Amino acid sequence: MANTLIVENADKFRGKAQVLKDINLTIAPGERLALLGHNGAGKSTLIKSILGLTPIRGGKISICGAAPGSAAARAATAFLPEAVSFHPALTGREQLNQFARLSGVRADVPALLERVGLSDALDRRIGTYSKGMRQRLGLAQVLLGNPKLALLDEPTSGLDPISRQDLYAIIDELAAKGTAVLIASHALTEVEARTDRIAIMRKGVKVADDTLAALSADAALQTSIRITARDGEADRIAAQIGGTRINGASVEIHCDAAAKMEALRHVAALGDAVADVSMTPPRLEDLYRHYAKEDHA
Amino acid sequence: MIARISAIAGTELSILRRNMWLFMATLIMVLFALALTFAGSAPTGTLGVDMLTVSVASMTTLSVYLAPLLALMMSFDAISGDRDRGSLALLLTYPASRGEILLGKFTAQLAALAFAMTVGFGTAGALAGFSGGASADSLIALIRLVSTSIVLGAVFLGLGYMVSGFARSSTAAAGMSAGLWLIFVVLFDLGLLGAVVMDDGGTFTQHIFPWVMVANPADAFRVWNIAASDAVAVTSGMAGAASALPVWAAPLSLLLWPLAALLLARATFGRVEP
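Those protein sequences? They're chains Z and W, same order as listed. When you line the first sequence up against my numbering, it's residues 1 to 297, in that order. When you line the second sequence up against my numbering, it's residues 298 to 571, in that order.
Read the hints as simulated data drawn from the structure, not as lab findings. Note that the structure is predicted; figures quoted are calculated from it, not measured. Incorrect hints may appear among the rest.
As a list, the in silico EDC-like pairs of lysine to aspartate or glutamate whose alpha-carbon atoms are at most 20 Å apart [as the list claims (entries may be wrong)]:
1) Z:Lys21 / Z:Asp210
2) Z:Lys16 / W:Glu570
3) Z:Lys203 / Z:Glu8
4) Z:Lys203 / Z:Glu285
5) Z:Lys131 / W:Asp381
6) Z:Lys177 / Z:Asp196
Only chain Z is shown next, with the shape it has when bound in the complex:
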């Protein structure tokens, strides 16, 4: 199937500073892409370019074959701005009705608000909503009229952990229906399990774009294995298999993903001396640090 979103060689300048440098990005229908980067890395600028809110200097962007900001692209795209708010005098129902009328879709507004957990606040003024509730209201308008592409800018900001779970459940539903989802985020650990692919931006350059497993292998990040020894055996273990003593009873060894099983076999050979083993695969944080801080571009 053709990609829903195609960004080719996009360049953008603000004054003399180049804020997007030769960005290439695609998202297939039903794919969930996490776009990671520090503040000022160009995530929001890229999203605004895709929405047609700000023009790009060079390159090309297409949404289902349409140009950014065109009627077809607007109809196909849903957007959740970062920390969005709405007019405090309106109720949640009125605000969603307006969005539904603007996009020309017939929507069951009460059902949508129930889906995001706002059914109690349906007819309350948005001025009385908490930050998390406003964020949910923003999410409800994303669900209006089956978008082909959903762009979510920091969707978890202001949400408590349970709401975050709900949010990712909704994102999964969207993706299952064939929506291409782009999630710009700082919240690394959540994105890890919830997305199909990860793109990392740094100073306007895309420095990485692959699955978590492939990125980990490419960055040669090490898995750490911690061995808890029986009384007095820690020194012997450290001498036998290498690694560093952490405290009186533990030894930690680091190894490549490929060498992991061999290291485990060594540990198993130690027999009774080992009380416990725990293994930590490379985390997204490590990966992020690797690609975002090191001089990778």
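Based on these hints, arrange chain W on the given structure of chain Z.
Using the frame of chain Z, we list chain W on its own:
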């Protein structure tokens, strides 16, 4: 297109109703119109005109100040408010063009202004007519006052949107609106007055001054209302300047201004990057 404009207008009307703007604007218009009508009813006998005529003359002066003020207070955060909240970017990703958004807000706010003007001037005019007499002439003058006040309001709604698109925040937009009001309603006239005094009855006063004056929508409004009715002109004592101009000058200026203001607002809005 109509559906999208009416979606924006509908929301805007609920906001105006909900935050009491519609009520406050109407109340202000009624109170001021009543106060002026009955405070200014003294010269009826000496000038030989009915009370409604005097009332219209007083209310014309009132409207020059109040219509722009109310319009600017409604419109100054139309764009900057949404931008401050972060909802402008979202609104612009929906299939509504910037022109449609502007027209939707304009329709709702103009309707609110029209309601306040009609009720305010209508109440005062009706009371003046009952207590001091009215004529066909003075009734037409009242209708003219109400409709031209709405057009004057439309001018300043447009100028308010322009300021709102231009300013970096709602606070800045509020300040700029106050400045705009001062310039159009107070300073412009003061400047012209100064020029006339300096000129001492020369070419400027006789040929240029009336045209410069009528280029300002607030003055065009005043001239139109006064020149169109002899009786109103007598009571306001402003017949001199108005008579130096062709009849069409003031109406043309006042009717072109809303168009110009809306086009300026659209152009400014077009440059806004949310």
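Which numbered hints are broken by the structure, listed smallest first? Nothing - there is no hint that the structure violates, so all of them hold.
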